[in-house]
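Enquirer: So you can see what is in the structure, the chains are spelled out below.
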Amino acid sequence: MTREELKGLEQLNEFAFKADEAEKMLEIFGNMKGEEAVMDSFDLSNTDIMVHVMPMTNIFREDVRQQPFAREDLLKGAPEHTDDSWQVPRLVK
Amino acid sequence: MKYYISEINKDGTIAVDDTILVKGVLCSAGSHIMDGFEPLFSAEAVERLEKAGYKLSGKTNVGEFGLDLMGEFSYYGAVSEGGKLAGAAAALVKKGEAKAALNVDLNGSPRRAAALGGVDFIKPTYGTVSRYGVIPAACSGEQIGVTAASAEAAAEVLGVIAGHDDKDGTSLPQASYEYKTDEGVKGKKIAVISELFDAASDEVKKTVEAYAEGLKAEGAEVKTISLEEAKAAQLAWTVLSAAESCNNFSRYDGVKFGYRTPDYKNIDDLYVNTRTEGLNFLTKATVLYGSNVLSKGRYFDCYDKALRIRRLVSEKMAEIFKEFDAVLVPACGEASYEEYDIKEAFEKTYKEALFTAIPSITGIPAMATGGVQLMAAAFGESTLLSVAAAMERRG
Amino acid sequence: MKYEIVIGLETHVELSTNSKIFCSCGGHSSPIEPNDCVCPACAGMPGMLPVMNKRVVELAVQAGLLLNCEISKYTTFDKKSYYYPDLPAAYQTTQWFHPICKNGHVEVTTKDGTREIGIKQIHMEEDAGKLVHDEWTDTSMVDFNRTSVPLIEIVSHPDFRSADEVLTYLKNLKAMFRFAGISECEEGAMRCDVNISLRPEGTTELGVRTEMKNMSSLVSIERAIKYETARHMDALERNTEVLVQETRRWDDTKGRTFSMRNKETAADYRYFPDPNLMPIVIDDEWLGEIRDNLPASIEEKTAEYKDYGFGDKEIEMLISERGLCAILDAVVDGGISPKSAAAWILTECAGILRKNGELVGSLSIEPSKLVTIIKMVEEGKINRGGGKKVLAAVLEKDVDPVQFCKDNSLDAQADEGAVAAVVADVIKNNQNAVNDFLGGKQKAFQALFGGCMKELKGNGDPQVIRSLLEKELEKLK
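Residue numbers (our numbering), protein chains in the order written: chain A, 1299 to 1391; chain B, 66 to 460; chain C, -1 to 475.
Since the hints were made in silico from the structure, they are not lab data. Computed from a predicted structure; not experimentally measured. Just so you know, even glycine gets a beta-carbon here, dropped at the ideal spot from N, CA and C. Among the clues, some could well be false.
These stretches of chain B come out as covered by chain A in the derived footprint (C-beta under 8 Å, 3 or more residues) [claimed, not checked]: (1) 231 to 237; (2) 293 to 299; (3) 310 to 324; (4) 343 to 354.
Given these sequences and hints, build the entire structure.
Expert: The following block contains the structure:
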């Protein structure tokens, strides 16, 4: 991974590394790439993926409306808000 | 040095990790980015404890989102005992200031903290304790478990919090569980996984060997076996948990709650500066590694393979548990840890994942006790608790 | 060179559920004020877990059946990551690997003939919130009411060859989904991403494609397609610009499209299977149940009403609103003849609603009450005028029709027996007038008739009174 590629990855995840952190991160990527090779020592062609460790299916709730939370409580901890909405810097100019 | 980030009741007996929500009590998850976050509801496990008459003592210090070894990279500082790193909850239980603690086990940190702190921690089978109200990181494997001074106390508290919850779509259907501590050790077959044993320090090896001798003296049969998938499990859980964490931590952006940077002119600054200032290096490294393994070019080469490794390891463990009642391995690689530079944290926790990843990636129960780690087949908690109890009685 | 337009559509449709897809906050039509239907999960706060709304699966399957799709036996959810303030958790739960429906098709008929449009897949997903931009405070207001409202996304193959086909397809979908109760398809509840490219006629390779996202007005879609067609044509024929694969934004006031920031196109959504949502298995039994619960299609209903002998105009009025059809069908099931049921709904009910400035489409009445009223009239228990009075009372105050008749003595006056008794009384008590009439004075009939009406307090059916009075007087001649 190059410094430029790392920068793209930082942007995608909305934060920025300092120079020394970026250097360390590149080292981590290099090391992990080597570690990942361990997965190739197994023949996985007949092994399906396993997303859930417990084999359950069709876990549903009924289509019933409930509203136990109040808007003012939800907005209380917002960094910036009006009486009824969260607020961010204007997106469309 | 902060054991509690928020205190709740002076006469409370149950400590709760700060990655578990308690209604109306500020929750930090050990992170600056959560500043001022006040949950509007309590975790199901917390509700169950309170309904059963237990009182909470407070919210215990954790590393940012629980990603580190045992809490050393909390925004509120590390907890140490005698110059060595310690888990806040394990330390409180050890001192007798809390009867038990609830902790989220996503990368084995409460197991490590208990093993090093001289107390017990049990991570139950995935799906037995509701994750409703857990600050999510690695949803496919994390579980709330119990730290306690004895197997009996752990069994008691686990029995209260386990059972089906409609609010968690991965919660198993069984309504409640009864955990036993009196099944004994005699006649039990215990396997030591050589790949994990060999990777530990000499001091840790001695602890495991001593435990094995104790088991034999109690009438158990102990045998060393090989699990060639051990390293693959370590890698695969690191891949899966990093990817899921990356996705779960993307919600912390300074818009809805928590910390917002004072330094922004537009939404891009707001996002980038909030996250740059609010998250620590370990979280950032985890997020970037997780983002990378999910990216277009890498998904099938890495993430998809890790999901297959999960099945492979699960099948292999199921085979082992056909022959053995439990597995005995180190809980961590070293007998103690000192404070270290956060830039080493990603690799340090990766290294420790060799010892802790198998239960996380397969969902089987695990227990730290007597400085070692035991694992059992799914729903084998009573075996773990009984072995631990017998060994504790032995002293 | 002659070019052909190649268009593919991704159509998002909000489903008509009571609650959202993964939490129990109110669904599509509930909110009144911003952030009224919001919980910690909708606001991106940590700790809640998604639990799937069963109704969403059923509606998505019904949509798939209407579009002739294969219904997946095994379907799962995935997470899609990107940052935007209307996406509270910075991920959207959608279906990437195993969508619920695949390989469907629908026909569109335009002036150029009938063509088949292939449906690549239909998947379930959650909607995003809404942003309101405020120039004065230089902020955007974030409203999460729409967050997690269930959507289906219908992905077509690039099979459209004209704006006309696109519009016809969208109108058909709208009518179909409304009629089946899958979506109300109100303003904004159906939104399209339009992919468009041009290629020389007779070739098969696709040209450079541009995408216009999130378009909801049919008029705008038509204008945007025409604009983009012209822009592509100019680029290809006159080299006015070099076309690039990109997302463009349609500006309705300026009447043109604009290139969007490149960040949008460079996005890597990092899809992965959602660990919190278990797979859904749709076995034959459940599929059968869902199929059985699918209401008749517009075509089936039209054929049924033709068999009833309804005219085209009547059919069109009824089909325009599935609620009307449901009322009519229930009234017919209640033992009323189809023609009579249609007349009562489209004439009497419509008349009363019109007086109140409402359209017949908004009719809301308990079908059993309408059946009771029609039966009372047809069995002669009340007259038609009385029937209309009861109907108005039912529509306005939802009264019980039988009780209303009793309370307002409507049934008594319509009862021929009661009228006969009054007529007999009036004849007996007005011998002078009777003799005058028998003596040839026609005016005396009016006096007797007026006497009857007075006794009946003006509520009697004049026709009935007149004929009974004539009959009784005839006997005396």
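Enquirer: If a hint holds in the structure, say so; if it does not, say that too.
Expert: Checked hints:
no., hint, result
1, 231 to 237, "holds (count 4)"
2, 293 to 299, "holds (count 3)"
3, 310 to 324, "holds (count 9)"
4, 343 to 354, "holds (count 7)"
In the structure shown, no violation is registered for any of the earlier numbered hints.
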